[in-house]
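Peer 1: Residue numbers (our numbering), protein chains in the order written: chain A, 604 to 883; chain B, 604 to 883; chain C, 604 to 883; chain D, 604 to 883.
Bear in mind the hints are in silico, worked out from the structure with no lab data behind them. Please note that a few of the clues may not be correct.
Copies of the same chain look alike in the list, so a pair counts if it fits in one copy or across any two.
Stated by the list, open to error - SDA-like mimics (lysine to any residue), calculated; alpha carbons at most 20 Å apart, straight line:
no., residue 1, residue 2
1, K725, I740
2, K833, A656
3, K725, P879
4, K833, Q655
5, K833, V782
6, K725, T755
7, K725, L735
8, K833, L633
9, K833, G851
Number of protein chains: 4
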Amino acid sequence: MCRWLAYSGSPLVLEQLLYEPEHSLIVQSLHSQLGAEETNGDGFGIGWYGDQATPAVFRSVEPAWNDRNLRELSGHITSGILFAHIRASTGSPVQQTNCHPFRHGRWLWMHNGFIGGFDQVKRDLVLEVDPLLYPGIEGTTDTEVFFHLALTYGLEDDPPAAVARAVGFIESTGRRQGVACPIQMTVATTDGDSFYGFRYSSEGASRSLFHSTDVTTLRALYPDNALLRKMSDDARLVVSEPLGSLQGAWREVPESTCVVIRKGEEQLVPFAPVAPAASA
Amino acid sequence: MCRWLAYSGSPLVLEQLLYEPEHSLIVQSLHSQLGAEETNGDGFGIGWYGDQATPAVFRSVEPAWNDRNLRELSGHITSGILFAHIRASTGSPVQQTNCHPFRHGRWLWMHNGFIGGFDQVKRDLVLEVDPLLYPGIEGTTDTEVFFHLALTYGLEDDPPAAVARAVGFIESTGRRQGVACPIQMTVATTDGDSFYGFRYSSEGASRSLFHSTDVTTLRALYPDNALLRKMSDDARLVVSEPLGSLQGAWREVPESTCVVIRKGEEQLVPFAPVAPAASA
Amino acid sequence: MCRWLAYSGSPLVLEQLLYEPEHSLIVQSLHSQLGAEETNGDGFGIGWYGDQATPAVFRSVEPAWNDRNLRELSGHITSGILFAHIRASTGSPVQQTNCHPFRHGRWLWMHNGFIGGFDQVKRDLVLEVDPLLYPGIEGTTDTEVFFHLALTYGLEDDPPAAVARAVGFIESTGRRQGVACPIQMTVATTDGDSFYGFRYSSEGASRSLFHSTDVTTLRALYPDNALLRKMSDDARLVVSEPLGSLQGAWREVPESTCVVIRKGEEQLVPFAPVAPAASA
Amino acid sequence: MCRWLAYSGSPLVLEQLLYEPEHSLIVQSLHSQLGAEETNGDGFGIGWYGDQATPAVFRSVEPAWNDRNLRELSGHITSGILFAHIRASTGSPVQQTNCHPFRHGRWLWMHNGFIGGFDQVKRDLVLEVDPLLYPGIEGTTDTEVFFHLALTYGLEDDPPAAVARAVGFIESTGRRQGVACPIQMTVATTDGDSFYGFRYSSEGASRSLFHSTDVTTLRALYPDNALLRKMSDDARLVVSEPLGSLQGAWREVPESTCVVIRKGEEQLVPFAPVAPAASA
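The whole structure should be built from the sequences, with the hints applied where relevant.
Peer 2: Structure (C-alpha cells):
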C-alpha cells in the first residue's frame with residue numbers, strides 16, 4: 604500500500620508539513636503504523652499549486668526518507684495546497700510514471716489501495732477509458748487507470764458522481780471475473796480549489812483515513828504547537844494516518860464516505876458506487 | 604532512434620563485443636554516425652543466454668557510456684548469444700520498462716525505429732493484442748506493443764510470418780488514421796537458437812542495418828585482429844552500424860529484407876508486410 | 604567538460620532561461636557547439652535564491668534533456684538569481700554529490716574545466732583545506748575541492764582574492780608534480796547578491812565564456828524578443844556559450860579575467876593566480 | 604546499519620542464496636530482525652568470483668527488495684564465492700560509490716557498523732592512508748576509509764594483522780578526539796581463496812554475526828532442505844543474521860573474534876586491535 608497527505612490552508616514551507624511533524628509522512632516512509640506495509644519505500648511524489656495554470660509535480664523512484672532533492676525542495680517551496688504520497692508497490696514497477704500524484708490539467712489524483720485482480724481486469728478497464736484520454740496514461744498502475752476512468756465519467760464536472768461511476772464500473776468488472784474484493788481505496792483529488800477525499804472498499808473494511816479537526820480550537824488547546832501557529836483557521840489536512848499524537852487533532856473518516864473541503868468548509872457525505880446499469 | 608547489436612557465435616566475454624571494437628556500441632551511445640540521432644543516451648539494455656531456461660536481461664535508464672554496472676558485468680559475463688541496445692527516446696519516458704530488449708519466455712526482441720502516430724494508433728494496436736498476452740505489457744513504448752502484436756500472430760512458431768502480419772496490421776491501422784509513414788523499423792528477435800533481423804519501412808527508406816561477413820575469410824585478411832581471432836567460424840553479427848572500419852567486414856542488409864541466422868548459416872529473404880485482409 | 608549559465612535580474616520562471624532560448628542549456632546538453640565535448644549528459648544541477656536564508660539546490664544524475672523533474676520544476680519556480688550546470692564527467696563518477704552547483708551557506712559554486720593530474724595532486728589539495736571545512740566535502744570532484752580551497756582562503760570575504768590564492772596553490776602543487784596544465788577553468792560563484800565569474804587556464808587557452816550585453820539596448824534592437832521583454836534593465840547572463848544567435852547580444856569574457864556583477868553593474872577586472880609564496 | 608552475507612562452497616545460482624531462504628537477505632532488506640534498523644533500503648551490492656582475474660561487483664542505490672536487475676542477475680549468475688550487502692545509511696549519501704562491497708585488486712570488503720564520530724576523525728584517518736592508495740577512495744563512507752587503512756597496513760599479506768592495526772588506529776584516533784565508541788564492526792573480506800570475518804566493537808557489544816555449521820551434519824538432519832542439497836560439504840556461510848529458523852544450523856560468532864575459512868576449514872581466533880604505539 605501507500606500513505607498520503609493532502610493539505611489546504613495558509614501557504615506553508617512544505618517541510619513544515621512533510622518533515623517537521625512528529626509522525627510525518629517521511630517518518631511513515633520507514634515506519635508506518637496503520638498501513639498494510641510498514642515500509643513505503645517504492646518512490647514518492649508531491650504536487651502543489653503555485654502561480655501557474657497547472658499544479659507542479661515532483662516524483663522520484665527513491666525512498667522518501669533519504670531523498671536529498673525532496674529535502675531540498677521542501678525547504679524552499681511554499682504552497683497553500685499540497686498533495687504528498689509515498690509508495691509501497693503492490694506489484695507494478697518502481698518508476699516515475701507509476702508515482703502519485705497523477706495530473707490531468709488542473710487536477711491531481713492520488714490513492715492508497717488497489718484494484719483487485721488488476722491483471723485480469725486491466726484490459727476491460729482500459730477499454731472503457733475515453734479514447735481521447737487513453738494516450739494520457741503514461742504508467743502501468745491501477746491508480747492511473749482508475750483516475751482515467753473517473754476523468755472519462757466527468758471528474759472535472761462532478762467529482763463524487765464520477766468517482767462513484769468509476770468505482771461501480773471497477774466493481775462490476777471485477778465481480779464478472781470472479782474477483783472477491785474488486786476495490787480497496789482511499790483516494791484524494793483536487794483542482795486546487797475544492798478537495799475531495801474518498802474512503803471505500805468492496806469488502807467494507809477500508810484502509811485508514813483521517814481528517815484534521817478545527818484549527819482554532821486546537822490552537823487554543825496547544826498554544827505552543829509550531830505547526831498550528833502557522834496554519835490559518837481554515838486549514839485542513841486529510842491523511843492516511845495521523846501526523847502526531849495530539850489528542851483531539853484527528854478524526855477518522857467513516858467507511859464509505861466522501862470528504863469535501865471547499866473554502867475552509869468541510870463536509871462529510873456518504874459515498875456509494877454507482878453500477879454501470881444504474882448509470883446507463 | 605536507437606542503435607543495436609546482435610551476436611551469435613563462440614562464447615565471448617561481453618566487453619569484447621560491447622567495448623573493445625573501434626566504433627563499439629558504447630562509442631555509438633555518444634557518437635553514432637549513421638543514426639537519426641548522434642546521441643543514444645536514454646537508457647540501454649542487454650540480453651544474453653546462459654544455462655538457464657530463459658535469457659537474462661539487464662536494463663538501465665543511465666546512458667551506457669558511463670554506466671559502471673554495464674562496464675562491470677560486461678567484463679565478467681560470457682555468452683555465445685548477445686542482444687545489446689542503446690536508446691534514444693522518441694517520446695516515451697526514460698524508464699527501465701521502456702528499455703530494450705524485451706523478453707517473453709525464451710524470446711528477446713529489440714528495435715530501432717518507430718510506429719508513426721503512435722499516440723493515435725496505440726489504442727487500436729493494443730486492442731489487437733491477445734488478451735492473455737496483454738498483461739505482459741509493462742512499459743509504454745511502441746516497440747513493446749509491436750512485440751506483443753508479433754507474439755499474438757505466432758512469433759514463437761513462424762517469426763517472419765508473424766512479423767509480416769504485425770507490420771501489416773500496424774500499416775493498415777496507421778493509414779486508416781492518416782499516418783503518412785506508419786512504420787520505420789530494424790527489428791531483431793531470437794529464441795537463442797535462431798536469429799531474425801528485419802529491415803523495413805513504409806516509406807522504403809529504412810534505418811541502416813548491416814551484417815558481418817564470413818569470419819574465416821576476414822581472419823585470413825586480418826590475422827592480427829583480436830576480436831576475429833576469438834570468434835568462431837560460424838559467428839555472426841547484425842548491427843545498426845558497423846563496429847569499425849575494417850574493409851570487407853560489413854555488408855548492408857537490403858531494404859525490405861529479413862536476415863535469418865541458424866547454426867551459423869545466414870539467409871537473406873525478402874520481407875513484405877501482410878495486410879489484415881490478406882491474412883484473414 | 605561542462606556548460607553553465609548564471610543569471611541575475613528580474614524574477615523569471617526558470618523555463619524562460621533554461622528551455623525557451625534557441626540554443627538553451629538544455630539544447631546544449633545534447634548539442635554543445637563550443638564545448639570540449641558535444642554531449643553534456645552526466646547529470647545536471649540548478650541553484651536559485653528564494654525567500655529562505657540559503658539558496659535551494661536541485662541536482663540529478665540523469666541527462667538534462669529528458670529529465671521530467673527538471674522540466675516540471677523549471678515551469679513552476681521563479682527566481683531572480685539562477686545557477687544552472689550540465690555535466691560531462693572527466694572521470695569522476697556520475698552521482699548527485701558530484702553535480703554542480705555546490706553550496707556552502709549562502710554561496711553557490713560551479714565550474715567548467717578541470718584540475719590537471721587530479722589523481723596525483725588531490726591528496727595535497729585536500730590537506731590544504733581548512734580541517735573545519737573538510738567534512739563538508741561530500742563528493743569526489745576536482746570542482747568541490749577547488750571550492751573548498753577557495754573557502755579556506757576567504758571566499759566569503761573577498762572572492763577574487765580567495766580564488767586567486769586557490770588557483771595559485773593548485774598551479775604550484777601541480778607543477779611540483781610535473782603536471783603540464785594544472786588548471787583549466789571557467790568558474791561562477793555568488794552569495795545571491797554579488798556574482799563573480801572567472802575565465803583562466805594555466806596554458807592561456809581557456810574554455811569559452813560570454814556575458815550578455817545591455818538589456819535596454821538589446822530590447823530596442825529586438826522589440827519582439829520574448830525573453831528580453833521579460834528581463835529587467837539590470838539583468839545579466841554569464842554563460843559558457845551564447846543562448847542564441849542574436850547579433851550583439853553576447854560579448855566574450857577575455858582570457859584571465861574576472862567578471863563582477865553587483866546591483867546590475869558589471870565590471871571586468873584582470874585575474875591572475877597568487878602563488879603560495881607571494882601570499883605567505 | 605546494514606546486513607551482509609558471505610558464502611563459499613560449491614557454485615550456486617545466486618538466487619538460491621539471495622532469494623530462496625526463508626529469511627533471505629532480500630527479506631531482511633525490508634524486515635531485518637536483529638539489525639539496528641529494521642529497514643535496509645539505502646542501496647545494495649554483490650560481489651562474486653568467476654573466471655576473470657578480479658571479482659565482479661554489481662552495486663545499486665535502489666532498495667534490494669524491488670530491484671529488477673538484482674532479481675534478474677541472481678537468476679542467471681552462478682558462483683562459488685558470493686559477498687552480498689544491503690545498506691542502511693548512517694548519514695553518508697545513497698550513491699553507488701558508497702555501496703558495499705568495495706574492491707581492490709582481488710580483494711572484496713564489506714561492513715556492518717560505523718566509525719564513531721566519523722566527521723571529526725575522517726581527515727586524520729584519510730591522512731594515514733598510503734598516498735598511493737588514496738586516489739582509489741571513490742566514495743565517502745567510513746567503510747571505504749577503513750578498507751584503505753587495512754590495505755595500507757598490509758591486508759593483502761596478513762589480513763588479521765592488518766585489520767588489527769587499522770582498528771587500533773581508528774580507536775586511538777577516536778579516543779584522542781573524545782569519541783566514546785570509536786568503532787562498531789562486523790567486517791568481511793576475501794581474496795577469493797580465503798575468507799576473513801571480524802566481529803568487534805570498542806564497547807564490547809558488537810552487532811550480530813553468525814556462521815553456518817557443518818553441512819554434512821545438517822543435511823543428515825534435514826534431508827529435504829533444498830539449499831542444503833545443493834551445497835557442497837565444505838560450503839560455509841557467514842551472515843549478519845540467520846537466513847532461516849533451522850535448529851542447529853547457525854552458531855553465533857563470539858565477541859572479539861575473527862573467523863577464517865580456507866579450503867572448507869573454519870577457524871575462530873580471538874581478535875584484538877593493535878594500537879599504533881605497539882605496532883610502531
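Peer 1: For each hint, tell me whether it holds in the structure or not.
Peer 2: Structure-based check of all given hints:
1. K725 / I740: both (13 Å within a copy, 11 Å between copies)
2. K833 / A656: Between copies, since 19 Å is at most 20 Å while 26 Å is not.
3. K725 / P879: within (17 Å within a copy, 26 Å between copies)
4. K833 / Q655: Between copies only: 16 Å across chains, 24 Å inside a chain, cut-off 20 Å.
5. K833 / V782: neither (46 Å within a copy, 40 Å between copies)
6. K725 / T755: both (16 Å within a copy, 18 Å between copies)
7. K725 / L735: both (18 Å within a copy, 11 Å between copies)
8. K833 / L633: Answer is neither; intra-copy 27 Å and inter-copy 36 Å both fail.
9. K833 / G851: Answer is within: at 18 Å inside a copy they meet the 20 Å cutoff, but 50 Å across does not.
The structure shown violates the earlier hints numbered 5, 8.
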